[in-house]
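Enquirer: Listed here are the chains, written in short residue letters.
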Amino acid sequence: MTSIPDSRPLTVAASHGVHDHQFDDSAQQQEAATLGMWLFLATEVLFFGGLFTGYTVYRSAYPNAFGEASRHLDLVLGTVNTGVLLLSSFSMAMAVQSAQLGKRWRLLGFLTSTAVLGAVFLAIKFTEYVHKFHEHLVPGSQFVFSGPESQHAQLFFSFYFAMTGLHALHMIIGIVMLAVLMVLTLANTFGPEYHTPIETIGLYWHFVDVIWVFLFPLLYLVSR
Amino acid sequence: MLIELPFWPQQASTVAGSVDVLSIFLTLVASFFSFLIFLLIFFFAIRFRRRPGLTATPVPTRLSLEVLWTAVPLGLTAVMFTWGSGLYLHNQQDPPGAMNIYVVGKQWMWTVEHLEGRREIGELHVPAGRPVKLILASQDVIHDFFIPAFRVKQDVVPGRYTTLWFEATRIGSYRLVCAQYCGTRHSGMIGNVVVMEPQDYQNWLANGADDPPAKAGERLFRTFSCAGCHELQATQKGPPLIGMYGKSVRMESGETVAFDDAYIRESILNPNEKVVEGYRPIMPTFRNQLNEDEIFQIIAYIRSLGAGDAKP
Amino acid sequence: MSNTIVSTRTYLATFVLLLVLLALTIVAAYIPMGRFNWVAAMTISAAKTALIASFFMHLRSSHRLVWIAACAGCFWLALLMILSLTDFWTRGWLLP
Amino acid sequence: MTHANVPENYLNASWGWRSWLLTRDHKRIALLYLISITLFFIVGGFFALLIRLELLTPAGDLVQAETYNKLFTMHGLIMIFFFLIPSIPSVLGNFLIPLMIGARDLAFPKLNLLSWYIYIIGGVFTLAAVVTGGVDTGWTFYTPYSSTYANSNVILTALGIFITGFSSILTGLNFIVTIHKMRAPGLTWLRLPLFIWAHYATSLIMVLGTPVLAISITLILLERSFHSGIFDPKLGGDPLLFQHLFWFYSHPAVYIMILPGMGVVSEIVTCYSRKKIFGYTFVALSSLAIAALGFLVWGHHMFVSGASPFAGMVFSMLSFLVAIPSGIKVFNWTATLYKGSISFDAPMLYALGFIGLFTIGGLTGLFLATLAVDVHVHDTYFVIAHFHYIMVGGAVMAYFGGIHFWWPKITGRLYPEVWARIAALIVFIGFNLTFFPQFLLGYLGMPRRYHAYPEEFQVWNVMSTAGASILGLGYLIPIIYLLWSLRYGRVATENPWNAMGLEWQTPSPPPESNFAATPIVTEEAYSYDIHT
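Protein chains in written order, with this note's numbering: chain V, 8 to 231; chain P, 44 to 355; chain D, -14 to 81; chain G, 141 to 672.
Treat the hints loosely; a few may be bogus.
No more than 20 Å apart at the CA atoms, straight line, and that leaves these computed lysine to any residue pairs for SDA-like [as the list claims (entries may be wrong)]:
1. G:Lys250 with V:Tyr201
2. G:Lys374 with V:Ser148
3. G:Lys374 with P:Pro327
4. G:Lys479 with P:Leu108
5. P:Lys149 with G:Thr288
6. G:Lys479 with P:Arg94
7. G:Lys479 with P:Arg92
8. P:Lys176 with G:Pro449
9. G:Lys374 with V:Tyr201
10. G:Lys250 with V:Met184
11. G:Lys250 with V:Gln35
12. G:Lys374 with P:Thr205
For the record, the hints were derived by calculation from the structure and aren't laboratory data.
Using the sequences and the accompanying hints, generate a full structural model.
Expert: What follows is the structure, given as structure tokens:
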């Protein structure tokens, strides 16, 4: 007795492609995967949220020290990085579109450009870290800061490294997943009827970009 | 021989009675509802136990009952909240003119500094019938100053001062414990609060062996050459301290700050954070050179230089 | 996440708008507005997030359940921040 | 039924280690959890007995102070993160949710297996920390002690807990998507069994709470390795920031531990009273209310911690609000008994015990929400008694009740009824003897986590230790006879208690794909009135 799921709206192309045994059809599987990824992104929002809470508490407690320390960050590199990440988000969205249209080579192209842009972002980030290292701004024993409240500035930099470090870690995971997708695209696994992994990892990538959208003003534009 | 079973702690402070009355009210409410549920379960269990000839009859959900056991608990908890928080704000508000005693909690002992002299370790002598305000500081981790007989408790947070006040009503010795886990000998960080007649307290205070904190503070004031900037009129690089305690002072940043214990401590440890108006941020930090006891002694010395409107 | 396919033109428009907002947030940082700098920066970031979520992440065409999941994370973060700040920002209020 | 023609079911569908360690069947993963959870329960319980033995005498003479500190830390960590949080959701939830909603499996079977492996890896880290010297920071990891002053295996244990948190997140995520997307046709939200409602609410907390614990532990790891001052007051940090982040998760975590128990009790009480639950929508929605309000109340752990009195007032008011839905549930369960036809099988004894003890636990929580009284009883044995009444009197009772109730469905065998009832009574008596005296100790002012205590408290401590040994015995008996029943227990029919619910319409034990054909649901939950 086939069961017609009544509680789910019929999607435009609810095709009956390949789907796991516990699902009734691939539309249900796709929606489950999307809902699952969005819930995972909610956990990530709260994971970074703990850092944002700590940052907000200390920034309101030591506004001058945070303003002073923020001026030590390189605004140009920060802005370029934000642009790079927004571009990578655009290219990821195009990748998802190409998967939906079944254009395999275009999909491969956009996946590659997204991964490359991610790598460019990490490279810029790495240069900033090296720059901070030379300026003795890495928290810990050899932290040196000329301004009045040096240990409050150290607090700023521990949040700077914690937040951007965690964000960079998520970028690396994203790039690895993009690489896997590229291999699968070459193996011709994705097409108009099955491209859930592309969309799910696309959601993850856009989320990592959204985190940077908040990190950039919070860290770089405290008070210019 | 009936074993002396302790059921209720002694009431030896002004707030103990009011806290106990509220606790008894809460106990009554809790016991009433617990017995209600237990009795209902027992009664239903016996009355409707499965036996031949008795089948379960459906009982429709009655909204009135649901509203009842939402509204009644809401009402009761509202009473508990208002009573509890009103009493809390009253009990935490230290009466003006309370006698100040400085207490430092450090890993696994309490050191007490009476302003007019005598230092104690693990003991706190207080006069009966007089409000006493303790200014608590921690040398290392979070401790907690708890006197069960007085129903008072306050965490001692490192990095800032917390206060606790009580007025002892009965002579005797009461247990003092640390109630926040602070390491290996957390259970050894105990002591006694000895409540004495005011006259005995004065005698006890007078014949103290060591010199009062103010004198010790003065010695520190000299050895760390604070006097160089703060005292000699000629080189007046630092703001004057005589008669400043308790006043509110305008800062370089424009905000006015009370010249109290917290400000003195902050200026010793992070001098350039709040600089008095008209002075430059040139004071060095004494962060790793003075421990909490010594900071208290310097505060005692500054207080002894005459106070503004004497509000700590 | 239905299979509605978003046109390249929409993606491009979103991307350009995001760059404009990026420029705006930098310009806003240079205007000294005191506490409002922080508020302005956050609203612009929220706008960028809304753009990315609705267009790039296809939230607009997704099941409303996904909407709730998306907002749940932010709402709970707001809970954490607001209730924590009721402690940090009110330390001197009721009792000295 | 001879061994030869035993029907095909999920237990004998395939054999060998690989079929178990690489299984994607939610029922087998539930059994993997059952075994690992029981091991951790025994280890945690062993630490509890050592603590109670030490407290037999006022002086600290059984173990040194440092060992005692490690004992209560390890008891707390293992019992909370490795037994109470996963117990009902990962064992009963994993096994029953697909069955109860007519699905073939959870939404993400591979993630479900990954969740078990993450749980085991986290467990290995924590046990490694236990074996190589233990950790003595208390399960709360308060800074600056944990981040600067402690010199035990803080980093190793923190990593263990950090990893195990993801197991909880994955389970919660799996449940939410399954309950939303894979219900059988006709199974609308208001026809769902209350077990599902309770697990849905629990999963919301798991998903929305656990990440904040993960970040607070990450910050401890950073602070402990770089000393950059996030929680170190000497460098401008505020130790209370850690307490806020920690309790933001750890209070809702107590609702993760109790809500599934409430779901189990709703199933048991209706089955053994042969009646519909009284006030279905109220009980269902109060699960969600507890989950939502549970996130607003964490400040009552910090009334005396130096947090501002204003925050104290706000959190005290909100803490009273969260007590209301729990009250609604207790009243509705009791009302369900009215005009029922009650039989006192072991699961029912555990359920009735749960209702009684959870009521006492909940009401004593009101003392801790009342500001003026909490000043006196905070961090004393009153708090210990309160949360053990909820955790042991509530969650563990419900867990044992649920294990007994669904044992025929899980293993195809019936447990010995007489022994089960004896064990339930022993557990009830031992529990009350252990923890009721601690209320008195708490109000008398005995602080928690004390290795040595004043003489006059010895009477109550001796009673408590006596109770603990009875309780320990009470927990051993079920473990023995349940194992015994695997071999010698009577073979169970499809529905030994003729309970309502889709899971009782599958054979015991069910086949690998649960239902031959997806069932269509037409009636409300617990329609015992229609079927006698």
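Enquirer: A separate judgement is required for each hint: does it hold in the structure or not?
Expert: Each hint, compared with the structure:
no.	hint	verdict
1	G:Lys250 with V:Tyr201	holds (19 Å)
2	G:Lys374 with V:Ser148	holds (14 Å)
3	G:Lys374 with P:Pro327	holds (16 Å)
4	G:Lys479 with P:Leu108	holds (16 Å)
5	P:Lys149 with G:Thr288	holds (14 Å)
6	G:Lys479 with P:Arg94	holds (13 Å)
7	G:Lys479 with P:Arg92	holds (9 Å)
8	P:Lys176 with G:Pro449	holds (18 Å)
9	G:Lys374 with V:Tyr201	violated (56 Å)
10	G:Lys250 with V:Met184	holds (17 Å)
11	G:Lys250 with V:Gln35	holds (17 Å)
12	G:Lys374 with P:Thr205	holds (16 Å)
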